[in-house]
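K.L.:
Protein chains in written order, with UniProt numbering: chain V, 1 to 115; chain H, 1 to 115; chain W, 1 to 115; chain L, 1 to 115; chain G, 1 to 115; chain Z, 1 to 115.
Hints may contain errors.
To be verified - Not the full set, but computed from the structure, chain H residues with beta-carbon under 10 Å of chain L: (1) Val5; (2) Arg12; (3) Lys14; (4) Asn16; (5) Lys18; (6) Ile19; (7) Asp22; (8) Lys25; (9) Leu33; (10) Asn55; (11) Ser56; (12) Arg60; (13) Cys61; (14) Asp62; (15) Tyr67.
Said to hold, decoys possible - A short list of chain H residues far from chain L (calculated; beta carbon distances all over 12 Å): (16) Val27; (17) Lys46; (18) Tyr73; (19) Gly76.
None of these hints come from the bench; they were simulated from the model.
Here a beta-carbon is modelled for each residue, glycine too, at the ideal position from N, C-alpha and C.
There are 6 protein chains.
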Amino acid sequence: MSNAVEEFNAYRAKMNDKILADNNKIVKRIFNLDTNAFTEGALSKKTKEILGLGNSLVLRCDDCVRYHLETCYKLGITKEEVVEAMSVSLLIGGTIVIPHLRRAYEYWEALEEQE
Amino acid sequence: MSNAVEEFNAYRAKMNDKILADNNKIVKRIFNLDTNAFTEGALSKKTKEILGLGNSLVLRCDDCVRYHLETCYKLGITKEEVVEAMSVSLLIGGTIVIPHLRRAYEYWEALEEQE
Amino acid sequence: MSNAVEEFNAYRAKMNDKILADNNKIVKRIFNLDTNAFTEGALSKKTKEILGLGNSLVLRCDDCVRYHLETCYKLGITKEEVVEAMSVSLLIGGTIVIPHLRRAYEYWEALEEQE
Amino acid sequence: MSNAVEEFNAYRAKMNDKILADNNKIVKRIFNLDTNAFTEGALSKKTKEILGLGNSLVLRCDDCVRYHLETCYKLGITKEEVVEAMSVSLLIGGTIVIPHLRRAYEYWEALEEQE
Amino acid sequence: MSNAVEEFNAYRAKMNDKILADNNKIVKRIFNLDTNAFTEGALSKKTKEILGLGNSLVLRCDDCVRYHLETCYKLGITKEEVVEAMSVSLLIGGTIVIPHLRRAYEYWEALEEQE
Amino acid sequence: MSNAVEEFNAYRAKMNDKILADNNKIVKRIFNLDTNAFTEGALSKKTKEILGLGNSLVLRCDDCVRYHLETCYKLGITKEEVVEAMSVSLLIGGTIVIPHLRRAYEYWEALEEQE
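Okay, chain V solo, but in the shape it has when bound (with noise of 0.2 Å):
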């Protein structure tokens, strides 16, 4: 298994388990909400995660990108659709993206390289 992707998983485990022990209830419920929010609905889960995906890409946050990406992936997302949803977050964006493109894409292949 890849480690970046091993890395980045155990680093947001242990951290969110830190995160919740403190039984904030705001935090513990915008936790839960995150877990709500891209379940099926009107909007399939697919198009619910190519959603997340671009807005964290706008946004700038790497590893919201990497935490979409791996769920685009298991869902089965084509690497064809994440780089089309990508380039449209990148023109909205504009050419700030491109840091978070070149991260993307690196943590794509590991994602790949994974089995």
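Starting from the known structure of chain V, fit chains H, W, L, G and Z onto it as the hints suggest.
P.N.:
Chains H, W, L, G and Z alone, transformed into the frame defined by chain V:
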């Protein structure tokens, strides 16, 4: 036809004409890409518009939200789908997005009242 | 009562009603959290409102600033305290915050003229 | 004289006076720095105004853009130069900048119509 | 002493020295204001640090968050208070803030392990 | 040659190649515009690079800052000019820019140590 929609589009068209009349190469190409990016591809037009709407909302650009709401409306995307997309973007972008959500609702209403 | 305050609150209430009438779960819960987050806790209500005001200012959200200015006003936070909080946020957020500071001052004046 | 320019400057002057009347040290010093930062130095006034304009545009602050457009105009910077600077910022900041570009064009026109 | 805290402070001090050695007036005054803005005034030091922390978090600046976490820690602000402030900023700034919250938790832990 | 500069450029080149190999039209054209936008025009190359640097700094994109610092360095723009440009952007963008200023100083030093 609704005044809000009419006015928005008239101003948008008038100023775009002035901008493009200046023949700045970079500006013209970006305007051109903007048309190209939302055509059918690996992702459907509908998914791309949902993405454009969500990206505009988290970046808190009212005019961009209005533009994509109108394109969504013309593509037959339902209010329920639009609201679900905006709920995902609200969660990602935080309560700071709420004032933009209010204006988005107002514009959607104007779109429905057009006919 | 000042027109600026009255109009802001009327529009806010009207659109919030329309948004909540749609019964989108994510949206409703975020609106609900928004009420909960500013209640007395480890931090006083006053500190939380000062924080909400400052966060709104650095994120340059005029409507959010107006909302928190009003809550600050009702809690009896003095103008000097409000201005000091805004001065910290101006330093952190840069001169780009100045136009929002102008509108904040205008709204605070409207709050004072209400009675 | 153009109403748009006149109104913008009148509001700006009126509110700045109120802000500075409060004698908050941090606020006063930042306003003071704002004047100092754009004087001739290692870089020319012109280059600094171009920089101030571009920074304001990528940060999507309409009032800041208006302020720097006016200073550019008074320094004799040509429309072609201003448009070229804005085209660079449009590319860096993405299509989300377009609505602000429209309003910038409108204000530049108002500056030209002043006399 | 914790390595994370030590390394952060050493790098910060080293680079600040280099920056200030250049004697750029604007830069020096802004660094100076940064010290002044957080002294006791109409608001307590504690409230100002809570505000500085929250502003840094919604603006998603990890180093700024670390700096204010350390000042909060030294002022004797409790973890519960810090977490409550961060929960407000998480709600305002959205889930995009979560990765920064993880790193904030990690740094707070490093501060506690220092002694 | 400095490792920091070498590593940055190697990673940048490697990932750009992978991105461009995918032949996404939107992405390719934006990369292409990025080269075109900084050529001599109504504004000099130097002014455009100063603008690109300042825009990158207020948008707080370290990699973009590094890229423009390097281009500035190669064009013979002096450290004093670069620092002055960054001081303007620091004032506009606020103290939140300081951590990025530290990393910019570090990279400029690496550029000077290259030879």
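K.L.:
All the hints need checking, so say for each whether the structure fits it.
P.N.:
Hints, verified against the model:
1. Val5: violated, 16 Å
2. Arg12: holds, 7 Å
3. Lys14: Holds, because the Cβ-Cβ distance from H/Lys14 to chain L comes to roughly 9 Å (cut-off 10 Å).
4. Asn16: holds, 7 Å
5. Lys18: holds, 5 Å
6. Ile19: The hint holds - H/Ile19 has a Cβ within 10 Å of chain L, the shortest such distance being about 6 Å.
7. Asp22: holds, 6 Å
8. Lys25: holds, 8 Å
9. Leu33: Interface hint status for H/Leu33: holds (8 Å vs cutoff 10 Å).
10. Asn55: Cβ of H/Asn55 sits 8 Å from chain L, so the hint holds.
11. Ser56: holds, 7 Å
12. Arg60: holds, 9 Å
13. Cys61: holds, 5 Å
14. Asp62: holds, 8 Å
15. Tyr67: Status holds, d = 9 Å.
16. Val27: violated, 5 Å
17. Lys46: H/Lys46 clear of chain L: closest Cβ-Cβ about 19 Å, beyond 12 Å.
18. Tyr73: H/Tyr73 clear of chain L: closest Cβ-Cβ about 19 Å, beyond 12 Å.
19. Gly76: Label holds. Min Cβ-Cβ 24 Å, cutoff 12 Å.
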